[in-house]
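Trainee: With the hints as your guide, set chain B onto chain A.
Heads up: the sequence lines are chains A and B, in that order. Here the numbering used here is used: the first residue of the first sequence is 1, the next is one more, and so on. Here the numbering used here is used: the first residue of the second sequence is 1001, the next is one more, and so on.
The hints are simulated quantities; they were obtained by calculation from the structure and are not laboratory data. Not one of these hints is a red herring.
Label-pair distances were calculated between CB atoms; the ranges are:
#, chain 1, residue 1, chain 2, residue 2, range
1, A, Glu-67, B, Val-1116, 35 to 43 Å
2, B, Ala-1124, A, Pro-45, 51 to 59 Å
3, B, Ile-1002, A, Glu-139, 25 to 33 Å
4, A, Leu-317, B, Thr-1269, 27 to 35 Å
5, A, Val-232, B, Val-1202, 48 to 56 Å
6, A, Glu-67, B, Ala-1192, 31 to 39 Å
7, B, Val-1202, A, Ala-190, 51 to 59 Å
8, A, Leu-218, B, Ile-1002, 42 to 50 Å
9, A, Arg-228, B, Val-1123, 54 to 62 Å
10, B, Leu-1207, A, Arg-128, 50 to 58 Å
Bear in mind the structure is a predicted one, so any value in this text is a computation, not a measurement. Glycine included, each C-beta is placed from N, C-alpha and C at the ideal position.
Next come the chains, spelled out residue by residue.
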Amino acid sequence: MSEETVDTPAAIATRGLTKRFGRVAAVDGLDLLVRPGDRYGFLGPNGSGKTTTVRMLLGLVYATSGEVEVLGHRIPREAGAALPGVGALVEGPAAYPHLSARANLRLLDAAGPPVSGGPLAEGVGSRRSRTRRIEAALEEVGLADVGRKPVRAYSLGMRQRLGLAAALLRGPRLLVLDEPTNGLDPRGIAEVRDLLVRLNENGTTVFLSSHLLAEVELFCTRVGVLDRGRLVAQDALDALRGPTGRTVVRVDDIAAAARALGVPEPSPGPDGLDGADGGRLVLDGVGVAEATERLVRAGIAVREAVPERRTLEESVLELTS
Amino acid sequence: MIRVELRKLLLRPRTWLSIGLLCLLPVVVAIFLSVTKIAPRPGQGPTLLAAVLGNGALYPAAALGIVLPFFLPIAVAVQAGEAVAGEASTGMLRYLLVRPVGRTRLLAAKLVSILVYTLLAVVAVAVVGYVTGVTLLGNSGQLTTTTLAGTTLTPADLAWRTGVMVLSIGWSMVGLAAISLFLSTLTDSALAAALGGLAALVSSTVLVTLDATVAVRDYLPTRYWLAWVDLFRDPIPWHDLRAGALIQAGYVVVFLGAAWANFATRDVTS
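This is chain A alone, in the form it adopts within the complex:
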C-alpha cells in the first residue's frame, strides 16, 4: 500500500448477520461494528450465539444471510485476503499432541501463505523470519523455556498460552479471541491482560468474546452484548455503566441521616449495613449536592456522596433478562 487511505475500513463490520440452524436463529440480524484500535468486548451468556458469530467472522461457518467484512474484505469470499491479518483463538486452543510447541507453531506457520506486509516481514521472506517469530511469540506468552516436551504433557494453562502464541505468530492487525483466559490462574490472567494492553497500544485491534464480565470490564473500552442471537447493546463501556439517576450516600449515623432526608431507615443488610464503613443510603430523586447539603445542615458527617453507577454486571443482567 502506498498511501494511507483516508477512511480506514472497520476492523469488523457486519450487517444483518443471521445464521439459522433449521428453524432456530442462532444469530439474528447482527450489526457489529469494531473500529480499528478498539478493545471490543463481546459479551453474552452461554448459548447466546457468541461462538457462532466468531466462526462466521472467520469464515468457518457460513451465514444464512447478511454480510461480514473483516479488515475491509468480504467474508467468506475474500477470506484469503482478510485472514492473514487476523490472529484467532476460537473455542480453546488446539495442537498436535505428539509434537512440541515449536514444532506445532512451525507446521502451522508453514501451512498458510507467507507474511506479505507488516513489521514482521521486514523485507525478508516469512520463512526466513519463522524461527525468530516463533521465539518472539513464545516469549510474549511466557512459554520461551518449554523445551521439546510434546504438547500432550502440557497443562491447560500452557495450552492456552500456546494457542495465544499461534494467534500472535504473524503480527496480526486484529485479534479475535474467544475466552482467551480459560484455564489460566489469576496471575496468568493478569499477564494475558497486560499482553493484550501492550498489543493494543501498538495498534492491534482486539475483539474479545467472553462470558466473564470482570475480564471484559477490566480490559475493554467498547462492549457489545448478545442475547439469544440478538445484539441488545453496543456502546462504550462507560455508557453501559452509566449513572442510574440515584444517589448513594455513606454516613456514620444511618438512623439520623434517614430522618434528616425523610426516607425510611434501611434495615440492616447488604444495602444498609453498619460496619466500619458506616451505613449506606440509596436515594431516589435526590441529587448529590442536595443530599450533601441537607445532611450537613442536620449536622451529620458525610463520608461519601456519589451518583450511583450500574456495574457492567447489572447492565448486562438487565439487558439479557
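Mentor: Only chain B this time, still in chain A's reference frame:
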C-alpha cells in the same frame, strides 16, 4: 501446504508403526514357510503363496497378496478417514482454515498425503518381501522365475512386472481412499470415517462373490483387486488390469468430487 502435510505424515509415529505392522505379517509367514517347507497347495491360501517356496524373488508379490485383502485396506481407510475428521477432532481444522488455508487446497494436500502413504506402504511391503524372500526362502540358484503359465521370466522381466504390480496395487487402494476421505469430510470422528470406508470395502467384497450381483459386480471397487496376479502370467492378459484401473479412477472422480463439494460448502463447527 502439501509439504506441511507430508512433514506431518512423516513426523507421525503412527505412520511408521502401521507400515511396520504391514511388513511384519509377510515376514512371519515367510519364517513359517522357510522352517516347515509346507506351502499351501496351489489354489488355496493367499495368492501366489504356493509358488514362492522355491523362489524368494516372487515373494514381494506373495507378500502383497497376504496384506491386500485386509491389512492394507484397513491401513489406507484409517489414514484417509483421519484426514479431515482427525484434524477436526483435535481442533486443528479451524486453526488451519483461519491460518488461512483454502479448503480446496487443504483437501488436495490431504489427498497427496494419502497417496504418498499408500505408495510408501506398498513399496515397503514389496521391499521387505523381497529381502525376506531372498534371505529366508532362497533364490535356489535360479536366474529365472517360472510364471503361473509355466514359462520363464528373466530377472529384468520380473523386476518390471513387480514394479507395475506395486503401482497397480497402490492404485487399487485409491478408490477406497477416496470413499474414506469423503466420509472424513462428513463427520468429525476419524473412527467413523474409517469404519465407513471399511464397511464399503466389506460390502463390495461380499457382493463380488455372489452370482446374483452379476449385473453390477463389474463396477464394484474390489472387483479387480486381484487382477495384478495376471502380471505373472505369460502373456499378460491386460484386460482386467485396465478395467480395474478405470473403475478405481471412476470412484476417485465421484467421491473426491463429493468430498470437495461437501467440504467446501459446509460449516466447520469442530
